[in-house]
Amino acid sequence: QSVLTQPPSVSGAPGQRVTISCTGRTSNLGAGFDVHWYQQLPGKAPKLLIYGSKNRPSGVPDRFSGSKSGTSASLVITGLQAEDEAVYSCQSYDGALNGNWVFGGGTKLIVL
Amino acid sequence: DVQLVDAGGGLVRPGGSRTLSCVVSGFSLNSSRMSWVRQAPGKGLEWVACISGSRGYMYYTESVKGRFTISRDSAKNSVSLHMSSLRAEDSATYFCVRENATAHGSFDAWGQGTTVTVSS
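One line per chain: the protein sequences are W and Z, in this order.
Sequential numbering of the first sequence, starting at 1, is according to this note's numbering.
Sequential numbering of the second sequence, starting at 1, is according to this note's numbering.
Hints are computed from structural coordinates only; laboratory data are not their basis.
You may find that some hints are simply not true.
[To be verified] Have a look at the derived ranges for each label pair, beta carbon to beta carbon:
1) Z:84 to W:7: 21 to 31 Å
2) W:69 to Z:41: 32 to 42 Å
3) W:42 to Z:25: 32 to 42 Å
4) Z:15 to W:69: 24 to 34 Å
5) W:96 to Z:102: 21 to 31 Å
6) W:30 to Z:16: 38 to 48 Å
7) W:30 to Z:69: 25 to 35 Å
8) Z:52 to W:96: 18 to 28 Å
9) Z:14 to W:61: 39 to 49 Å
Note that CB positions come from ideal geometry on N, CA and C, so glycine has one too.
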């Protein structure tokens with residue numbers, strides 16, 4: 001059972017917009033800690049997609065955006081493309097777990 | 001370019017030990033906090049341990065405390081994870097990661113992963 005809760009899967013057709021949610025607690029997202037998002041293609045290591053809730057590293061398309069409010073965060077992907085099919089995971093810090101980073105269980109994005 | 005190369009995985013008997021290594025290039029371990037993150041087959045990511053850049057403070061997730069030890073050798077540009085008293089539930093792909101303080105502490109660089117299987 002992951003500390004951060006994500007839906008197991010979401011789907012969308014090419015060109016559409018999808019939203020992936022990440023729900024936390026008062027000890028992590030609700031305490032003001034940042035959320036980060038990672039994209040993991042099949043058989044590959046995760047790749048940083050969004051950091052500090054809404055910032056994109058160099059090279060990440062602006063089709064990807066993030067937001068955070070209270071104990072929840074969201075990753076939005078617009079103009080869906082076939083190569084976006086991957087697992088997306090959120091991450092934050094939990095102040096109740098003594099030095100622990102926590103992750104969501106990951107959401108499989110299926111491009112129809 | 002920043003690069004992390006993980007190695008050391010393999011098949012281990014329950015109760016056995018294994019040491020994973022991560023050789024880095026393109027940055028200094030003395031100024032970066034490094035972690036190990038694992039992923040069991042078909043499961044989500046789980047943070048395991050970290051070692052701070054400047055003073056080498058170590059932190060562990062509860063399930064590995066007393067069994068795993070993270071260390072670093074700055075001269076060899078390497079980070080290690082010594083795992084002992086291994087259990088079936090430790091079976092996973094282990095990733096070495098760099099924490100970027102200027103990117104809000106996100107994990108901005110990952111090794112390719114090395115797989116540990118604990119089985120008799």
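Hints versus structure:
no.: 1; hint: Z:84 to W:7: 21 to 31 Å; result: violated (37 Å)
no.: 2; hint: W:69 to Z:41: 32 to 42 Å; result: holds (34 Å)
no.: 3; hint: W:42 to Z:25: 32 to 42 Å; result: violated (26 Å)
no.: 4; hint: Z:15 to W:69: 24 to 34 Å; result: violated (46 Å)
no.: 5; hint: W:96 to Z:102: 21 to 31 Å; result: holds (26 Å)
no.: 6; hint: W:30 to Z:16: 38 to 48 Å; result: holds (41 Å)
no.: 7; hint: W:30 to Z:69: 25 to 35 Å; result: holds (33 Å)
no.: 8; hint: Z:52 to W:96: 18 to 28 Å; result: holds (20 Å)
no.: 9; hint: Z:14 to W:61: 39 to 49 Å; result: holds (45 Å)
Of the numbered hints stated above, those contradicted by the structure are hints 1, 3, 4, listed in ascending order.
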